[in-house]
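Peer 1: Add chain B to chain A, keeping to what the hints say.
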Amino acid sequence: MRVTIDEDGCVGAGQCVLAAPDVFDQRDEDGIVVLLDETPAPHLHDATREAAVLCPALAIHLAE
Amino acid sequence: MTEAPSKPTTGTFPTTRAAECPFDPAVGYSEFRENDPIARVSCPAGIDAWLVTRYDDVRTVLNSPGLSSAVPVMGHANPQADFTAPITTGSIIQSDGDAHARLRRLLTAEFTVKRIQALRPYIQQLIDDHIDAMLASTEPVDLVRDFALPIPSLVICELLGVPYEQRDRFQQQSGILTSVDVEPEIAVQANAEIQGFVAQLVVDKMQNPTDDLISRLIKRAQDAGQPLTVEELVVLALSLLVAGHETTANMITLSTVTLLRNPDQLEELRANPDLVPSAVEEMLRYLSVVQFGLFRAITEDIPLGDETLRAGEWLITSLSSGNRDTSVFPDADRLDVHRKASAHLAFGYGAHQCLGQQLARVELQQVFSTLFTRIPTLRLNAPFEDLEFKDNTLVYGVRSLPVTW
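In order, the protein sequences belong to chains A and B.
If you read the first sequence in this note's numbering, its first letter stands for residue 3, the second for the next number, and so on.
If you read the second sequence in this note's numbering, its first letter stands for residue 4, the second for the next number, and so on.
Just so you know, the hints here were simulated from the structure itself, not pulled from any lab data.
Treat the hints loosely; a few may be bogus.
Said to hold, decoys possible - Computed from the model, here is a short list of chain B residues facing chain A with C-beta under 10 Å:
1. Phe114
2. Lys117
3. Ile119
4. Pro280
All of these numbers come straight from a predicted model, not from anything done at the bench.
Don't be surprised by glycine CBs; every beta carbon is placed ideally from N, CA and C.
In isolation and in its complexed conformation, chain A is listed as follows:
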């Protein structure tokens, strides 16, 4: 699984951080998404998929 994020589209909701804190964080200065891990391990895949579904801005893209 390869994760890409759209920083411009991100609205800083933080849902991704709640769903997959090992994969996503937020920048301190503006709350915009930070991708911690482009290729998360298999045990994180479900959480990463959940994050992509929850993102209100559709700013998380997964290539599986």
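Peer 2: Relative to the frame of chain A, chain B by itself:
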């Protein structure tokens, strides 16, 4: 060129809940979801609008570029809505596109998961202090007045950097603003006082910055080369107050009533405190307190299902209906604290999804980790049938909640 007329209205916007279950959305939504998911309805405001009721369609349309939020907030549901009045400048809720993104980006740092987590101990202290006061009270306790309203208000005071010695007055005046039983002259006066108060706060922070949201917002805008005026800062600060007060307060009250009415679910929570976060998401889903849905103006044609939502028309996306869509939430009308309800629509969807959602979550999580633990025998002090549910306010709730233990 003439366009084909939009389909005629097929019903009216649902506004009346069934008396026997005030926790379920207004009657009519399930029929719309089933038979007429992209309907045209006549609304209390005297306009016709598209009504989108299925979960997937709500999400699809709220991420469409062809929508504008520069409308009276939930104007469709308000018989007195004035569609000619100018939209407040600098209102984040009513901004679109780049203007919206700019305002939002100035604020998102204040509401990150991390920053809000840091407020947890303060919020816990507020909750404990208010429970202490209720337990010590010799007067009958109203959970709305004595707990649910003051806590979010004081959290906002903390966020905005209201000086301690002014918090009582601030809270009293904002309590008047959110009251349903106050005379218009008093409400107007309280409104003016709060506006003046926030303006003074903004001016103080401009001159003497401290470590709080307003001071950081001023600096952040300056650093970005687009300083905010006093007026713009006042509008933003008031938006935070208004948006974060009634919503959270009503969720606290209604969730308490819901748990009291579902003792098996309350028992699950007591036995498994780890369930609190998922229970909070489930209550957000189940209660959907932004009860009239989200109102938008359509600015570009949006194809949806068999329909085309046309530029110039109005749109309502029903959050409460989407949250009861059984294709996403099996047995959706049932409260289940074990349900994984995170994908609910209670905070909306799209670029305007609730900015304060992390704060709402933490406040609710701390309340429901504490209230029934410290007051295990909490119960209603009035018959359930006597509770007055707020059917005609933007945010659903009850007017008062007499409790005892």
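Peer 1: All hints, please: hold or fail.
Peer 2: Results for each hint:
1. Because the closest C-beta pair between B:Phe114 and chain A is about 7 Å apart, less than 10 Å, the hint holds.
2. Given hint, B:Lys117 at the interface with chain A, holds; its Cβ is 7 Å from that chain's nearest Cβ, closer than 10 Å.
3. With a least beta-carbon distance of about 8 Å to chain A, the hint placing B:Ile119 at the interface is held under the 10 Å criterion.
4. Taking 10 Å as the C-beta contact cut-off toward chain A, the hint placing B:Pro280 at the interface holds, the least distance being around 9 Å.
Violated hints are absent here; each numbered hint is respected by the structure.
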